[in-house]
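For the sequence shown, the working numbering begins at 693 and goes up steadily by one.
Wrong hints could be hidden among the right ones.
For each label pair, taking beta carbons as the anchor points, the in silico distance ranges come out as [as the list claims (entries may be wrong)]: (1) 1237 - 993: 45 to 53 Å; (2) 1215 - 736: 57 to 65 Å; (3) 832 - 1469: 49 to 57 Å; (4) 1224 - 1526: 47 to 55 Å; (5) 1214 - 1030: 56 to 64 Å; (6) 1043 - 1469: 27 to 35 Å; (7) 1505 - 1064: 49 to 57 Å; (8) 1224 - 1162: 44 to 52 Å; (9) 1494 - 1224: 41 to 49 Å; (10) 989 - 1212: 13 to 21 Å.
To be clear, the hints were calculated from the coordinates, so they are not data collected in a lab. It should be emphasised that the depicted structure is a prediction, and the values quoted were computed from it without experimental measurement. Where is the CB? At the ideal position from N, CA and C, for every residue including glycine.
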Amino acid sequence: METYGVDGLTIGTGTGYTAFRMANRKLPLTWLAPLITQTPAMGALPTLRAATDPAVLGGQYYGPGGALRRAVAGLSVPRSAARDGRLCDASIVEIPGGDRGVELRVHGVSGASAETIVDHPIVVRVAGDGHAGFYRVREGLGSAGGATAGVVVEAYRWGALTAGVAVRTASMLVLLPFMLSNLAVWMRSTPVDRFGLLGGLCRLLAGSLTVAFTLALVGVTMNLTGWQCVPYAQCREGRPYLSWLVALPIGPRLAVLALVPLLALRVFWAVGKRSAAAFEGFGSAPPGGRFLESTGSLAAPGVWHDERMTSWLRQIHVGLGAGTVGVSLVVAVSHGGWSAVAVGMLGLAAGLVVLCAVLLTVTVPAGWAGPLRRVVWILVAVATVSSLGYAVSRRGVPVPAGQMPGYEGAVAGLVAAQGLMLVLIAAVTLVRRRARPAGSRALLRGLGTPLVAAMSVTVASAYTATLVFRTADQLDRGRIPDPIRNNPPALGPLEPPVGYWWAALAGLAALLVVSAAIAVTLPVARRRRRAYARRVVEHDYPGAPAEATTRIDTVRSTIARSFVTDELGPTFVAFFVISSVGLATVALDLIGIGPTQLVARLGRRHDTLAVLTAYVTDVGIWAISLLVIGLLILGYRAYRSPETRRLVGVLWDLGTFWPRTVHPFAPPCYAARAVPELARRVTALAAQGPVVISGHSQGSVLAAATVLQLPPEALPHVALLTHGSPLHRIYARLYPAYLGEQALRDVGDRVGWRWRNLWRDTDPIGGPIFADPGLRAHLPPAAGAVDVRLRDPRSVVVEAPDTVPPPVERHWHYHTEPEYREAVRELVDDIRAGAPG
693 METYGVDGLT IGTGTGYTAF RMANRKLPLT WLAPLITQTP AMGALPTLRA
743 ATDPAVLGGQ YYGPGGALRR AVAGLSVPRS AARDGRLCDA SIVEIPGGDR
793 GVELRVHGVS GASAETIVDH PIVVRVAGDG HAGFYRVREG LGSAGGATAG
843 VVVEAYRWGA LTAGVAVRTA SMLVLLPFML SNLAVWMRST PVDRFGLLGG
893 LCRLLAGSLT VAFTLALVGV TMNLTGWQCV PYAQCREGRP YLSWLVALPI
943 GPRLAVLALV PLLALRVFWA VGKRSAAAFE GFGSAPPGGR FLESTGSLAA
993 PGVWHDERMT SWLRQIHVGL GAGTVGVSLV VAVSHGGWSA VAVGMLGLAA
1043 GLVVLCAVLL TVTVPAGWAG PLRRVVWILV AVATVSSLGY AVSRRGVPVP
1093 AGQMPGYEGA VAGLVAAQGL MLVLIAAVTL VRRRARPAGS RALLRGLGTP
1143 LVAAMSVTVA SAYTATLVFR TADQLDRGRI PDPIRNNPPA LGPLEPPVGY
1193 WWAALAGLAA LLVVSAAIAV TLPVARRRRR AYARRVVEHD YPGAPAEATT
1243 RIDTVRSTIA RSFVTDELGP TFVAFFVISS VGLATVALDL IGIGPTQLVA
1293 RLGRRHDTLA VLTAYVTDVG IWAISLLVIG LLILGYRAYR SPETRRLVGV
1343 LWDLGTFWPR TVHPFAPPCY AARAVPELAR RVTALAAQGP VVISGHSQGS
1393 VLAAATVLQL PPEALPHVAL LTHGSPLHRI YARLYPAYLG EQALRDVGDR
1443 VGWRWRNLWR DTDPIGGPIF ADPGLRAHLP PAAGAVDVRL RDPRSVVVEA
1493 PDTVPPPVER HWHYHTEPEY REAVRELVDD IRAGAPG
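Given the sequences, and given the hints that come with them, work out the whole structure.
Written out as structure tokens, the structure is:
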């Protein structure tokens, strides 16, 4: 253009995945076009914006974003261009020299956009990718909102790791029990685990969840459908998808239906493996040694590199599931007589389950992992093919009425094993909690591990019972049979195991206990919170005018509500009671006595009391079913609605922070990428000048974990600024072994106590970190300057030249406060004064 004297700009644009007359083409799968493409009008928006936006600069690229490139048009960087750096010139990625510092902002939950984090409409990615990246304001377009003079603002956006893809976010709700089981091991009171006992028990309990889901699928396909429904004409009437199975003998029929749980295991394995590409493997692997139990300290090298361990656990859990299917299949087709071949098939499948259970309890050296993984793969293949082949060969097996042989005993045995493991986990935790640091305020005195482990079992039981009962309800066309109220003979028994009946009754008890705990606790806690709020308001706004009375009441109410998150104890006590109720039913479950049968035997009659118990149990079935269905609806809404997806992402940001050291099918750990990536970026920036890591909310947790991973040469050039931080209020209490008082003290020591923490009384999430006088007594004097309290709101009256009173900010907009900019300036000056020349 310069040669011909043309005055213009070179701008790149892209349409993304846009449907241009695709619906009229005779192509395969054209019906998928509306699901994965956008309209031509939406595809044209990037070009229209590039042609009309006065802020456009030469060399920019405008196009849609998101996993399917369907988001609203905006400034973007194509993947190919980002790889070879063609759109990242020096003006964009220039790292400031020693005279200019960098304020690296790390957002909290809810997946804020890069424009929101830097508070500027025009940003460009300077590092990272679409999953997580670093952004700055484009050179020459001004500074970021709330920026300190002489300091460059850079934003790290990681929200797409948890809430960026609709299918992934929706599927997280299905994985809730696995996530809870993974959290349990991180909630222990001390990181020291002698003999790996607690870690082994938690992994074994997590393996039982995989077995529970596999047994539920076996119950739906092989027990209810193949054994109890297909042989009865009324059950398969009007269902051509089931009628063809009646032509198959029972052995081949069960073998065909056994492919469903096996396929489900394959899907779980594939999804877990695929997630590792985007989330895990960003950190360096620990050098040799033992890697299965890598939960020593957040400062340990390789603690965030959980790819190898997750891959190992994934193989073990697939082996557990496949062995469970094999055992169920062999027992079902061998009940008429046990031959030597049948015993051999059962021994092979049961041996696979036992081997996988043993491997979960031991710490495997890295050098043994490869050969053992191959052995497990071979056993899975041999056991699966052998059990399927044996079942196909069993064609003359009699089919007695009732449940599939061995299935009810397997469910009862699993419940008993889970109860025993929960008791052992609680016992080990009680013994070892004496080793927790003095003055520790761990949640429920360090008993978080057994409580959350019990929660994972409870939620898994609700899921599996709902699946089995709703399938039985569908197959018998609306009836809910039990041992007292049988189905018509022509329909088939369609009776779930008694273990699921007890689970339904425990679910109803759960709702009642939780409701009672809330009803008793809230009034008492409300009085305490209101008294505290009254003292805060009297201190902050003395002599407030009469016209500010309404505003004062609003502030007082906001402060009182902000401390609801501290009243978690009774809720966990309620869950503990629920778990105890569930364990009390183990003995009855083992001998096959359901709730209605128990009442009938105790009352020596089974008319009034037994039927009443049956109806109460029915209410429990529907109660847990409605809760699970509600979660599924929320998952569907998360798939369809970006707003709901962000809400689910907020919850999962708190639960998927920790590496998957217990259950490989849990949602992937976003910190396994975010923390090593932040450490790498901070190290590079610190080599050029001062760096202030500014973490808001959950971002402050990532920032603290990053400080623990920084190399020694970078630490003199780094400071920490946290605001709205849950580090002490939530994380130190839930995870005392890893982010407790000692870990927070280590963070302060590593940055030379160049640390400021901004907090408000109106914030329901954030709070002070070193406010406890007993804790501050053991800290250096510099620790007293860490916590900076902000009055919120700044005033309860209208201040000129405004027209309304200042808003109550609560958890948000810390970066707009004058104290924020002052803290950044002080920290940058402290780095320059103390850093080696």
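Okay, the hints, checked on the actual structure:
About 59 Å separates the C-beta atoms of residue 1237 and residue 993, a value inconsistent with the hinted range of 45 to 53 Å. At about 59 Å, the beta-carbon gap between residue 1215 and residue 736 stays in the expected band of 57 to 65 Å. For residue 832 paired with residue 1469, a C-beta distance near 51 Å keeps the hint of 49 to 57 Å intact. Restraint check, residue 1224 to residue 1526: a C-beta distance of roughly 38 Å breaks the suggested window 47 to 55 Å.
At about 59 Å, the beta-carbon gap between residue 1214 and residue 1030 stays in the expected band of 56 to 64 Å. A hinted range of 27 to 35 Å is violated for the C-beta pair residue 1043 and residue 1469, which are about 58 Å apart. A hinted range of 49 to 57 Å for the beta carbons of residue 1505 and residue 1064 is consistent with their spacing of about 53 Å. At about 46 Å, the beta-carbon gap between residue 1224 and residue 1162 stays in the expected band of 44 to 52 Å.
The beta-carbon spacing between residue 1494 and residue 1224, approximately 29 Å, falls outside the hinted interval of 41 to 49 Å. A hinted range of 13 to 21 Å is violated for the C-beta pair residue 989 and residue 1212, which are about 39 Å apart.
In terms of the numbered hints stated before, the structure departs from hints 1, 4, 6, 9 and 10, listed from lowest to highest.
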